[in-house]
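Respectively, the protein sequence lines represent chains A, B, C and D.
Going by the numbering used here, the first residue of the first sequence is number 1, and it counts up by one from there.
Going by the numbering used here, the first residue of the second sequence is number 358, and it counts up by one from there.
Going by the numbering used here, the first residue of the third sequence is number 715, and it counts up by one from there.
Going by the numbering used here, the first residue of the fourth sequence is number 1072, and it counts up by one from there.
Among the hints, a few may not be true.
As the list claims (entries may be wrong) - Derived SDA-like pairs (lysine to any residue); straight-line CA-CA distance at most 20 Å:
| # | chain 1 | residue 1 | chain 2 | residue 2 |
| --- | --- | --- | --- | --- |
| 1 | D | LYS1074 | C | GLY835 |
| 2 | B | LYS565 | C | PHE970 |
| 3 | D | LYS1279 | A | SER153 |
| 4 | B | LYS361 | A | GLU119 |
| 5 | B | LYS360 | A | GLY102 |
| 6 | A | LYS3 | B | HIS461 |
| 7 | B | LYS564 | B | HIS461 |
| 8 | B | LYS565 | C | ALA1056 |
| 9 | A | LYS4 | B | HIS461 |
| 10 | D | LYS1278 | A | PHE256 |
| 11 | A | LYS4 | B | HIS460 |
| 12 | B | LYS360 | A | ILE136 |
| 13 | A | LYS207 | D | TYR1328 |
| 14 | D | LYS1278 | D | ALA1222 |
| 15 | A | LYS49 | A | THR325 |
| 16 | B | LYS361 | A | ASN113 |
| 17 | C | LYS717 | C | ARG730 |
Unchecked claim - Now the stretches of chain A that chain B is said to cover, found in silico as 3 or more residues with beta-carbon under 8 Å:
| # | region |
| --- | --- |
| 18 | 65-79 |
| 19 | 100-114 |
| 20 | 317-325 |
To be verified - Under 10 Å between C-beta atoms, here's a sample of chain B residues computed to sit facing chain A:
| # | residue |
| --- | --- |
| 21 | ASP375 |
| 22 | MET387 |
| 23 | ASN437 |
| 24 | ALA662 |
| 25 | LEU670 |
To be clear, the hints were calculated from the coordinates, so they are not data collected in a lab.
Source: prediction; values computed, not measured.
Yeah, the Cβ is synthetic: ideal placement off N, Cα and C, and Gly gets one too.
There are 4 protein chains.
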Amino acid sequence: MKKKSRFLQTPIEPFRVDRALTADQLLTRMERISFQGRNLATAHRVWQKMLQDDVTIFLGMAGALSAGGLRLIVAHLIANRYVDCLVSTGANLYHDLHETRGHHHYLGTAHPNDAALAEEGIDRVYDTFASEDEFIGNDNWIADFAATLEARSYTSREFLYLLGGHLWTSTGRDGILTAAYRANVPIFCPALADSSIGMGLSQARMKKSGTGYIDIIGDIVESANLIIRRPRTASVVLGGGTPKNFINQASVQAEFYSDQVGGHRYALQIVTDVPQFGGASGSSLEEAQSWGKLATDAEQVTVHADATLALPLLVTALASSAGETLANRKPLRFDISGPVMAVNGRPFPQARFEART
Amino acid sequence: MKKKSRFLQTPIEPFRVDRALTADQLLTRMERISFQGRNLATAHRVWQKMLQDDVTIFLGMAGALSAGGLRLIVAHLIANRYVDCLVSTGANLYHDLHETRGHHHYLGTAHPNDAALAEEGIDRVYDTFASEDEFIGNDNWIADFAATLEARSYTSREFLYLLGGHLWTSTGRDGILTAAYRANVPIFCPALADSSIGMGLSQARMKKSGTGYIDIIGDIVESANLIIRRPRTASVVLGGGTPKNFINQASVQAEFYSDQVGGHRYALQIVTDVPQFGGASGSSLEEAQSWGKLATDAEQVTVHADATLALPLLVTALASSAGETLANRKPLRFDISGPVMAVNGRPFPQARFEART
Amino acid sequence: MKKKSRFLQTPIEPFRVDRALTADQLLTRMERISFQGRNLATAHRVWQKMLQDDVTIFLGMAGALSAGGLRLIVAHLIANRYVDCLVSTGANLYHDLHETRGHHHYLGTAHPNDAALAEEGIDRVYDTFASEDEFIGNDNWIADFAATLEARSYTSREFLYLLGGHLWTSTGRDGILTAAYRANVPIFCPALADSSIGMGLSQARMKKSGTGYIDIIGDIVESANLIIRRPRTASVVLGGGTPKNFINQASVQAEFYSDQVGGHRYALQIVTDVPQFGGASGSSLEEAQSWGKLATDAEQVTVHADATLALPLLVTALASSAGETLANRKPLRFDISGPVMAVNGRPFPQARFEART
Amino acid sequence: MKKKSRFLQTPIEPFRVDRALTADQLLTRMERISFQGRNLATAHRVWQKMLQDDVTIFLGMAGALSAGGLRLIVAHLIANRYVDCLVSTGANLYHDLHETRGHHHYLGTAHPNDAALAEEGIDRVYDTFASEDEFIGNDNWIADFAATLEARSYTSREFLYLLGGHLWTSTGRDGILTAAYRANVPIFCPALADSSIGMGLSQARMKKSGTGYIDIIGDIVESANLIIRRPRTASVVLGGGTPKNFINQASVQAEFYSDQVGGHRYALQIVTDVPQFGGASGSSLEEAQSWGKLATDAEQVTVHADATLALPLLVTALASSAGETLANRKPLRFDISGPVMAVNGRPFPQARFEART
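Given these sequences and hints, build the entire structure.
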C-alpha cells in the first residue's frame, strides 16, 4: 500500500452538531475544519499560549467596536488581564465614554434616510444610531475636564488614565476607560487627534489657555520602553488601523535600543481587510515578519472576520478555557498615574528611551 | 425634557462575557450588538420563524463547505428537516461523496509550495489538501455507477437520489447525499456539469453509450412545481453561487404558472461577497425583492461572513432553540425515487409545469 | 559600498501624470507601480504573450458583465479572436440577448425603494434597472425558438450557436451571441439551467414536448476534446463562478486522455473575490497549479478588481498594443453548427473523448 | 404603447472598444456602464465640478500609496492645485521622503520567504520591497532635522512644512512633501505618532532635550479654522483611515463655531473597504450625511477599488479634462511657514478657533 504523503497527515473532521456544546468546545471542534472557522479556533489556541507564556500582551482595537457593543468585552479583557496594554483609536474610547456616562447607542438600520437622520440630529454608524446632542455634551464634558489639567503636555497614556479616573469618580460604571484606570492598564491612543476626544481637547483651549496638549511622540517613547523593559511580547489586533501599526512599531523602535528585542512572540489579528491592496490594516503577519515586527518563529494567526461576530465567541470560550491560566498569571504591575510611567515599581527615564542594554 | 427621537428606541446592550453561555444564549445576546454579529443573531431568529411557519425551506450551498468541514452540519439540517430541499454546487456533493466513501480532506496551509504539491499529486483548496489519486478513484466510481443506469436523461434530482442510495448501500455512512437519500429530501444541482461529478458522468459515456445524460432543464420544471404546489417558501443561502439564483429563479418561474406565488416569505444568506460589484453571489436581498424573488414584506437578513465561522455557531444554537419546533414541524413528504417526483403522494405532471391555478 | 540585495533589483517608478497617455502607455507605466495597479498592467502583458504564442485561449465570464455594459467588449474580443472559446454564465448571455433584441438596461441607483421597483415591474442589478415585462418577452422568444428545434439533446455549445444564428437573422445586431455565431467561436454554458435562458428552455416544453433538452455532460466531453486536440491553452477569467472552474476542469479532464496536456500555459483572472474563504471564484492561480489546472511554470496574474473598472482600460490598451499580433494570429477554425463539433475540418468523436494519445 | 417607467430613463450604453481613446474619453464612456466602473467615471465628473466651484478641496490619503508608486500623482495634484490641503498618514509622507532622498522601493512579490527577507534586512509591503538600512538612515535624518528645531510644540502642519523645506533644500527633488512646501499647501498628519516620522521625532529627544513635540490638537484647531474661514469645502479621500475622518471632523468642528458651515459640498472616495463591518474607512458617504460631515445635497460618489488601479486613470483623465478649469481656478493663498497659519494674508487666531460668525 502506498504511503500517505507528508502533506496528508491530519484529516479534516467534519463539525458534528451537538446542542450542548460550550463556546470552548465549539472552537475546539472548529480547529479541525477549514478557512476562517479554523483560524478563529487557532486564535483561541494562540491566545491561550500567550497567557501561559511570560509575555506582555498588547491589544489593539480599531473599527466601531465600542459603538457596536463590544466595549464590555474589552473591559473584561483588561480587568482580568487577558491583556496588559491597550492601543486604541480615539473613537472607541469616545464611544466607551459615551456609554459609561449613561448614554446609549441604538439599534438602527443600514440603509435609512440619512437626510432625515441629519434633520433629527441622529448620527449613524452603519446600522447603529446615536444622538448628536449627547455627543456634543460629551465633547464639552471632556473639554471641561481637560481645562482642569495643568498647562503642560500629557502623553495620551497619562491623559487617558486621568480621564478614566475622572469617569470612574463621576459614574462608578464599567467600561474600557474605567476598567483600565482601576486595573492600572495603560492605554495609548496615537491618533487621538482623529476623534471626538481630540475635539473635546481642542475645545479646552477655548476654556483655558495652554491646555489640550497631547504628547503623542512621548507615547512612542513609552511604548518602546515597555518592550525594552520586558522584550517578550505578544500582539492581539482587532480591526487593524493605527493601533496595529503602533504596536508593531513599538517593537521595531525598542529594537534600536535593546538587542534583546526580537519582535512579538505571538500575534493574532481579527481583521476584515485583506492584504491584496497593500494597506496596513489588512497586511499579513508574514509581512510583519519581514520587518522584524514579529519574530520569524512566532505563533500567529489571522482571522478574516468582523469582530462583532468573532469576538463574543472567542472571548466566551477563553473565559472558560483560560480561567486557571489567568489565575496563575503574573502580569506586570504598572504605575501610570503621572508623567513618568513605572513598571513593577521602577520608573522609565523621562522623555527618553531606556539605556541600550 | 426632550422626547427621544423615533430613531433611538432600542439601546445597544454591550455583550457581557459569561463563560457559561450556550450557543443559543450567545446569539441571543448578540441580537443587541451591531454589524455582522447582530446579523448572525438575526439569522438565528429568522430561521426559527421559518421553522414555525408553514413554509418549504430551500437550502443553497456554494463554496468549499464540504471540503472545509461543514458537510455533517448540512447532513444534520437535512436529516432533521431544518430544510426541505437542497440546491448545491456539484463540488460540495463531490467532496461529500469523497468523505462518505471513507477518504479524507486534510489540514493544510494557505501558502505552500504548490509545485511541490502538484508533484506529489496533492490538490489544494486554500488551506485544505486532498489526494488526487483518491479523487480519480471517485470519478471512476461515479462513472461505473452512472454506466449502470438506463440510457435516458435523469434530472439532477433523480440522479443524485440514486447516487445517494448507491452510496448508502455501499458505505452506510452519514453525509449529505446519504442523509438526503434516507430523508427523501430532493437535491438539485443546476451546474452539475461544472464539477467532478460531471466529470464522472462524462466518463460513463466511455463505458456505456447513452449514459451520462442529465436533464437540468427538467430540474427547473420540478423546482418550480415544488413552489406551485405549496407557494409559501423560504430561502437559506450559504455562499451564493448558482444555488442562490436557482432557488430564487424557481420562485419567479413558479409565479408564471400560479398567482399564489409571491416570492419567498423568509430569506437568510451567509455570504462573503458584497453587492458593490454587481454579481449575484453578493447581491442584496432588497435587490431580490425588486425581482419578486422575495416578498416585499419578507423577513430577511444577510450575514457577511465565512460560513465556516458562522454556521457551526448558528446551527449549534438552532439545535438548542428549535428542538421543540422541529418536533412539531409537518414538512412535505417527498417521493423522489423516480423520473416523476411526488409531493405528499401526489405526483407532478411529467416534464411540464403544473396547471395554472 | 554594500552590494544591493538580490531582492532589491527593480525600483518602483512612481507614476508620472501625462495627459497625453494612451491606454497602452498608461498600463506600461503601471507595470512599475504596486498592488492591483501593477497586476492589471501585468495582465496586459500576459494577454499579449498568449496572443503571440500558439495557444487556444478560453475566456470565462461571470458576474453581471452584460447587464453592466461590457457585452460589446466581449463581442469585440470574440470577433477579433483575442479569444477562441467563451465559457459564460447563462445570465450574461441572456442580458446580451436582451440588448441585441433591441431592449436596454438602464442607469439606476444602488439603494432605491425596491418595493416601488417591484410594483412597477422593474428588476434591479445593483445600480442598474431593467423591465420585467421585456424579460418575460425574451423568455417567451427563447421558448418559441427552442420549440422549433428537434426533440433531442443539444449541448449548450450547439444550442447557443443556433440561438446566436437565430438572433443574428432576426436582428442583424452586434452582441456576444451574434459575434460568436458569426466568428464560429464556441460558447459553453455549464450552468445554463441557472438562468433565464434555462427558464425559456423549460417553457419550451409547454409548447412542444421533447424540446428543451441540454446535454451539459456533452459539453464536458467537447471542451476536453478541444484541449486534447491542441494541448497548449490559456485561460482568461472574469469574475470567477462556474466558467472559471469549467475552463480548468476541461484541462484536468483532457489530461486523463492525453499526456500532452499539462495545464494552461497562461492564466489571468480579474476577480473581486479573495482566496481566504475557500471558494472557487476567489481561489488563487497558485492553488490551480496544485491541481494541474495550470502548468507550474505558467505565466499568470490575478487582478483583484471589478471588471467594469478594469476591462475597459485593459482591452482598450490591448486593441492598441496587440493589433499586429492579432493580424498574424492563426487561430483554430471551428465548425460548431451541428451535434458534432469539428476543429480545422476534423470532427471530434461523437459523445466520446478523443482517443488517448 | 405603454409609457416607460420613470425608473427606465437613461439606457446603459455598452462600452465600445476603440484603441484611440484618451483616458478622458475612456471615462466618459464609462459613465454609461455600471458598478464601480461607472463610479470611477462619476468621480471624474465630481472632481471636475469641485474644481469649477468655489470650494476648498481636501485630499486624504491612507494605504501604502507612496510606497506603491502614486506619490508623484499626489505631488502633481498639489503642485497644480487640484487640491488645497492634504491630510495624510505618516507612512505616506515617510515613504515619499524616502524616495525624495534618493532611495527606492522595489518590485517584489506577494508571497516571498519573509524569514529570508528579514535576514537580509528587507521590509515588505505586500508586493513591494525596501531596505531597512535605508529606512534607519531616514529615521536618523529626520531626528537630526527635528533636533535643530526650537524646543516647543509644532503642529504637524508647521513641522511638515519645515520638513518639506529642508527636504527641498537638500535634494531639489519632486515629491509630496517638497511639492506641498513649494506650493504652500498645508499637510496635516493627525496620526504622525503612528509612523516612522514619529519614530524619527522620538529619536530627536535623545539628541536634544525638548524637541520632538507635535501639537496634534492644534491641528484640529487649524483645520477647523480653515473651514470656518471659507465654509464651502470638498473632500477627496483615498483609502479611508485617519485622514478620512479628520477631514470630516474638521467640518463638524467648524460647525460649532460658524453656522455658515454645512458639511462638504462634494465628496469622492476611492476605498477598498466596504461599509458592512462598521469601520470608518469603508463607511458610506450617505452615513457621513447623517453626521453633517457632508451636506445632504452634496454631489458624492464612492469607488470601491484599489487606488493603484483607479488613480492613474482618473488623474490622467483629469489632467486632460480639467486643464482650462485649473488655469482659471483661484485657490486660497496660504502662509504656512510659522506657528500661526494665514489664509490670503489674514492669520488665524493663535491656538483658538475663529470667532463665531
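For each hint, the structure was consulted:
1. D:LYS1074 with C:GLY835: With a Cα-Cα distance of about 13 Å, the restraint between D:LYS1074 and C:GLY835 holds, given a limit of 20 Å.
2. B:LYS565 with C:PHE970: 18 Å, holds
3. D:LYS1279 with A:SER153: Judged against 20 Å, a Cα distance of about 17 Å means the pair holds.
4. B:LYS361 with A:GLU119: Holds, at about 14 Å.
5. B:LYS360 with A:GLY102: 17 Å, holds
6. A:LYS3 with B:HIS461: 15 Å, holds
7. B:LYS564 with B:HIS461: Outside the cut-off at roughly 27 Å; violated.
8. B:LYS565 with C:ALA1056: Measuring from Cα to Cα gives roughly 23 Å; hence the hint is violated.
9. A:LYS4 with B:HIS461: 12 Å, holds
10. D:LYS1278 with A:PHE256: 15 Å, holds
11. A:LYS4 with B:HIS460: With Cα atoms ~12 Å apart, A:LYS4 and B:HIS460 stay inside 20 Å; holds.
12. B:LYS360 with A:ILE136: 17 Å, holds
13. A:LYS207 with D:TYR1328: 14 Å, holds
14. D:LYS1278 with D:ALA1222: 12 Å, holds
15. A:LYS49 with A:THR325: At roughly 9 Å apart (the allowed maximum being 20 Å), A:THR325 and A:LYS49 satisfy the hint.
16. B:LYS361 with A:ASN113: 18 Å, holds
17. C:LYS717 with C:ARG730: The hint is violated at about 29 Å.
18. 65-79: holds (count 8)
19. 100-114: That given contact holds, which follows from 7 residues of the region 100-114 of chain A lying within Cβ reach (below 8 Å) of chain B.
20. 317-325: Three-residue rule met by the region 317-325 of chain A, so holds; n is 3.
21. ASP375: Holds: closest Cβ of chain A sits about 7 Å from B:ASP375, inside 10 Å.
22. MET387: 6 Å, holds
23. ASN437: 9 Å, holds
24. ALA662: Where the cut-off is 10 Å and the nearest Cβ of chain A is about 6 Å from B:ALA662, the hint holds.
25. LEU670: 6 Å, holds
Of the numbered hints given earlier, the model fails hints 7, 8 and 17; all others are met.
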